[in-house]
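Protein chains: 2
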Amino acid sequence: MKKVIVHVTLKEGVLDPQGQTIETSLHSLGFTEVEEVRTGKTIELLLDNHDNVEARVQDMCTKLLANPVIEDYRVNVEEAVQS
Amino acid sequence: MKKVIVHVTLKEGVLDPQGQTIETSLHSLGFTEVEEVRTGKTIELLLDNHDNVEARVQDMCTKLLANPVIEDYRVNVEEAVQS
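Protein chains in written order, with our numbering: chain V, 38 to 120; chain Y, 38 to 120.
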């Protein structure tokens, strides 16, 4: 089995309302040193062994996991795990 | 300025409906090698220099950024960035 982690982040310049909400809340809790907050998501995939794992996951990203218009993504293929 | 990334993931054993939905969708797209999908979030903070950045961010996590009942979190203090 292979573990692959996909990191999806908003592209530079794309508005991040969730990040802004977190920033406002942190300020109201007294964390005034916070200048900016950007949110993203991680998708951890456990995959059966496949010959071309990275290419398959790239394909999953373009078809489902990331929106290429507003998001960037990065694929990390990690060590094999015991099934 | 300091950049800090907080990685928030669901605790082991906590149901991940979003992950299950992604898994079902990937299977319907033909990616049958997918065994399991777990989702998480990343929160990227840009902070003014503060003497105790790591402790402050830990405090932000317990107060706002992560739900200690169902989530684990990890704090990465990265290199200083130009303001």
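Fair warning: there could be bad hints in the mix.
Given that identical chains are not distinguished, each listed pair holds provided it fits within a single copy or across any two copies.
[What the hints assert, rightly or not] Keeping only pairs whose Cα atoms sit at most 25 Å apart, straight-line, the calculated SDA-like set for lysine to any residue is:
{"hint": "1", "residue 1": "K40", "residue 2": "E60"}
{"hint": "2", "residue 1": "K39", "residue 2": "E49"}
{"hint": "3", "residue 1": "K39", "residue 2": "V106"}
{"hint": "4", "residue 1": "K48", "residue 2": "D88"}
{"hint": "5", "residue 1": "K100", "residue 2": "T69"}
{"hint": "6", "residue 1": "K40", "residue 2": "P54"}
{"hint": "7", "residue 1": "K48", "residue 2": "G67"}
{"hint": "8", "residue 1": "K39", "residue 2": "Q55"}
{"hint": "9", "residue 1": "K78", "residue 2": "E91"}
Since the hints were made in silico from the structure, they are not lab data.
Quick rundown of the hints versus the structure:
{"no.": "1", "hint": "K40 with E60", "verdict": "between (32 Å within a copy, 14 Å between copies)"}
{"no.": "2", "hint": "K39 with E49", "verdict": "between (31 Å within a copy, 18 Å between copies)"}
{"no.": "3", "hint": "K39 with V106", "verdict": "neither (28 Å within a copy, 29 Å between copies)"}
{"no.": "4", "hint": "K48 with D88", "verdict": "neither (31 Å within a copy, 31 Å between copies)"}
{"no.": "5", "hint": "K100 with T69", "verdict": "between (40 Å within a copy, 14 Å between copies)"}
{"no.": "6", "hint": "K40 with P54", "verdict": "between (31 Å within a copy, 19 Å between copies)"}
{"no.": "7", "hint": "K48 with G67", "verdict": "neither (29 Å within a copy, 28 Å between copies)"}
{"no.": "8", "hint": "K39 with Q55", "verdict": "between (32 Å within a copy, 21 Å between copies)"}
{"no.": "9", "hint": "K78 with E91", "verdict": "both (19 Å within a copy, 21 Å between copies)"}
The structure shown violates the earlier hints numbered 3, 4, 7.
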